[in-house]
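Protein chains in written order, with my numbering: chain R, 1 to 104; chain C, 1 to 555.
If you're looking for bench data, these hints aren't it; they were derived computationally from the structure.
Incorrect hints may appear among the rest.
[Unchecked claim] Distance windows between CB atoms, simulated:
| id | chain 1 | residue 1 | chain 2 | residue 2 | range |
| --- | --- | --- | --- | --- | --- |
| 1 | R | Gly56 | C | Pro248 | 33 to 39 Å |
| 2 | R | Ala53 | C | Glu193 | 39 to 45 Å |
| 3 | R | Asp54 | C | Gly120 | 24 to 30 Å |
| 4 | R | Arg88 | C | Lys486 | 50 to 56 Å |
[Unchecked claim] Computed cross-link-like contacts, BS3-like style, restricted to lysine-lysine with a CA-CA straight-line distance of at most 27 Å:
| id | chain 1 | residue 1 | chain 2 | residue 2 |
| --- | --- | --- | --- | --- |
| 5 | C | Lys337 | C | Lys308 |
| 6 | R | Lys16 | R | Lys79 |
| 7 | C | Lys480 | R | Lys79 |
| 8 | C | Lys495 | C | Lys441 |
| 9 | C | Lys310 | C | Lys190 |
| 10 | C | Lys332 | C | Lys347 |
| 11 | C | Lys495 | C | Lys337 |
| 12 | C | Lys190 | C | Lys347 |
| 13 | R | Lys79 | C | Lys310 |
| 14 | R | Lys16 | C | Lys310 |
| 15 | C | Lys308 | R | Lys16 |
| 16 | C | Lys337 | C | Lys347 |
| 17 | C | Lys441 | R | Lys79 |
| 18 | C | Lys441 | C | Lys486 |
In this text, a Cβ means the ideal position worked out from N, Cα and C, and glycines have one as well.
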Amino acid sequence: MIEQVAEPLQQSGFAKVVLELDVNNHPGVMSHICNLFARRAFNMEGILCMPMADAGRSRIWLLVFEDQRLEQMILQLEKLVDVLSVRRHGAEHEVFERLERFFH
Amino acid sequence: MMEMSGAELIVRLLERQGIRTIAGIPGGAILPLYDALAASTEIRHVLARHEQGAGFIAQGMARVSGRPEVCFASSGPGATNLVTAIADARLDSIPLIAITGQVPLSMIGTDAFQEVDIYGMTVPVTKHNFLVRSAHELLDVIPEAFRIAMSGRPGPVLVDVPKDVQNQRVRFEAWPQPVVAEPNRPLDLKAIEEAAQMINDAEQPVLYLGGGVVHSGASALAVTLAEQAGLPTTTTLMALGTMPSDHPLSIGMLGMHAARYTNFVLEEADLLICVGARFDDRAIGRAAQFCPRARIIHIDIDPSEHNKIKAAHVAIQGDVGQVLEALLPRIKVRLRKRWLSHVDSLKARFPLQMPGLEDARSHYGLIQAVAACLDDDAIVTTDVGQHQMWVAQAYPFGRERQWLTSGGLGTMGFGLPAAIGAALAAPERTVVCFSGDGSIKMNIQELATLAEEGLKVKIVLMNNQSLGLVYQQQNLFYGKRVFASKYRGAPDFTKIAEGFGIQSLDLDQVQNPRAALAQALAAPGPCLIHASIDREQFVYPMVPPGAANTEMIGG
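Excised from the complex, chain R in its bound form (with noise of 0.2 Å):
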C-alpha cells in the first residue's frame, strides 16, 4: 500500500488575513461558517460577530492564518448560501488590534 498521512500543516508560521464577511443574520450561520473551517483543520485565530444596522445582516470577522489552502477556504464559504460577500484584509486591519486589550 502507499498511502501516507500527510504531514499536519503547520499554520503558525504564515501571515495572517483578516476576512470579513456579511452574513444574513439567524441563527445557524455561525454553526455553517465554523464548520467548513473545522473540517479542514483549518485553524480560525478570531472570530468577531455583530449585527449590522440592517437587523437581516450580520457581519463576521475572522482572523486566520494565510496557508496554501486560503483560497480554496475562501470559495468555499463563498459558496454558502447565507454569506452574501467575502473580503479579504491584510494582519494589519485594526479590527483584531483593538480588541487586543480585552484579552491580557
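Fit chain C to the given chain R structure using the hints.
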C-alpha cells in the same frame, strides 16, 4: 386572503412546484404533514420501508428527471436514517429536497422523545438547510429550497419543520411563484477564447467528461466538440453514457479500474480539457502524477472546483452546456490523424480484457448478456462494489441519464431504491439494478416497496458470497489475510424475493441462461435474477489506492 395550516401550505407549495410523487415514512412528528398529504389529489406517496430507501427513491427520480424530487421522514431516527442518502446526493450533485418532522419548537433542546438536531447534523452534507420557526416562513423557505437545489451545481437541501409549525395557521395574500433555476453569470469570453486557442494548438489533447455534462444536459455538445476537434474522450464513472461507448473517439472510463490504454493515453496528453469533472482521487490516482505533460482547461459551474486538486491553466466558470456552445464556433476542425492513430495503437496493445464473455453465467458475460436483451431506453442502476465496476467497464452505455450509480459516496444499498425511483419517474422504461450479495442486503427491505408498486425493475444479483471488493483488496494489498469479507451463511435470495412477492429466476438452475434472461427481462413487473459468481474473479486492471494511474495491476 388564504388561510391554512403549515402542513397544508407545504403540500400546496410542493404541488405548485410540480412535485407528483413523494417517497417517505410517517412518524409522530410529521403526522400533520402526512394528514395534509392524504388530502392531496396531485401527489402520490410511495411508502418506503426504511428512510434511507425513501431518500434513494427520491434520488432515483431526480437522477432520471434532472429536477429536484422530495422525500419525507419523521424526527429522530427517521431523520438520521435519511442522512446517508442526503450525503450521497451531495457528493454526486443530485437535487434532492428532504423534509423532516421535528419536535415542537418549545421542546427543541430538551432531549424530547425522538429529538435530534438534524439541522446541525446535516450542515456538512447538504448544500443548504433550514429549521423553520413559523408557518409563515414556509412561503419563502420551500421555494428557496427548490431554487438552491436546482441552481448552479445541484445538491440536496433539508427542511426541518417542527410539529407545531406544521399545525400553525397561516394567512397570506398570494402564492409565491414556482421557482426555476437561477440564470448563470455571464461567461468569461476571454478565457473561452484562450481555451479555444489551446485546443486548436494542441498536438495530443484529451477530453475528460464528468457528471456536470449530465446535469447540464450537454452530452450532444460534448460529443460535437470531440468530433470537431478530433479529441479522444474519456469519461468519469458519473459521466458514462455522455459519449456512447461505441463512438470511435471514446476511450472509456479513466482511473482506478480503467482499461490500461485509457490511463496510458492520459499519460501522454499535452492538453487535458476537463468538462464538469472534479479530479476525484479514484479517477486520477496520485494527483501529482496525473497527466504529467498536460496543460489543463477546466470548465465547471462551481468555481471552488477550479484549482482544488489540479491547477488549471485556463479555468472557465459556467454551465458546461453554455460554455461548450460558446466554445464550439472557435474550434477548428482537426482530424489529428497522428495522435488518433497512436491512441488506436495503444488501444490495440492494451485493451480492456474481458475474459469469459461468451459465458452468460460469468461476471462480464452476464452483464453483456443482459445488455444484449435491452436497448438504450433501459435504465441501469448499480450498488457498490465489484459488480458496479464490472458494469461500468462492460455495459455499452449510449445516452446520458441511462446510468445511475453512487459515485462519490459509494453507498452500498443505493441500487434497489434508486431503481424504484427511476421506474417511478420513467414507468415506460425497463430498469435493471445490478447488485451484489453484500449490497442488496443493505436495503433489501425495499423489495416490499417494489412488490407493492409492481414496477418493471429487474434486479440482477451477482452473488459471490462475499464483500468482493474488500476480499480483493485483502488478497492484493494485505498479504492475503482475508478477514470479515467472506460470508459463512448463504441466504436463498430467490426464496427471499418470493417471500416479498417478487418473481425470481435462478440462472444457476436453468439450461439456457440467455433465453431465460431474455424472458425475465421482457416480462412485466419486478423480478430478481440470481447468478452465482466466482469469488476469485477480481476487478482488473486496478490502480492501488494512492498510486499513480499508470501503476496498474492486472488486466
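Status of the hints after comparison with the structure:
no., hint, in the structure
1, Gly56/R - Pro248/C: 33 to 39 Å, "violated (57 Å)"
2, Ala53/R - Glu193/C: 39 to 45 Å, "holds (44 Å)"
3, Asp54/R - Gly120/C: 24 to 30 Å, "holds (27 Å)"
4, Arg88/R - Lys486/C: 50 to 56 Å, "holds (55 Å)"
5, Lys337/C - Lys308/C, "violated (34 Å)"
6, Lys16/R - Lys79/R, "holds (23 Å)"
7, Lys480/C - Lys79/R, "violated (45 Å)"
8, Lys495/C - Lys441/C, "holds (14 Å)"
9, Lys310/C - Lys190/C, "holds (21 Å)"
10, Lys332/C - Lys347/C, "holds (26 Å)"
11, Lys495/C - Lys337/C, "violated (56 Å)"
12, Lys190/C - Lys347/C, "violated (36 Å)"
13, Lys79/R - Lys310/C, "holds (20 Å)"
14, Lys16/R - Lys310/C, "holds (25 Å)"
15, Lys308/C - Lys16/R, "holds (22 Å)"
16, Lys337/C - Lys347/C, "holds (15 Å)"
17, Lys441/C - Lys79/R, "violated (37 Å)"
18, Lys441/C - Lys486/C, "holds (14 Å)"
Violated hints, listed in ascending order, are 1, 5, 7, 11, 12 and 17; each of the other numbered hints is respected by the structure.
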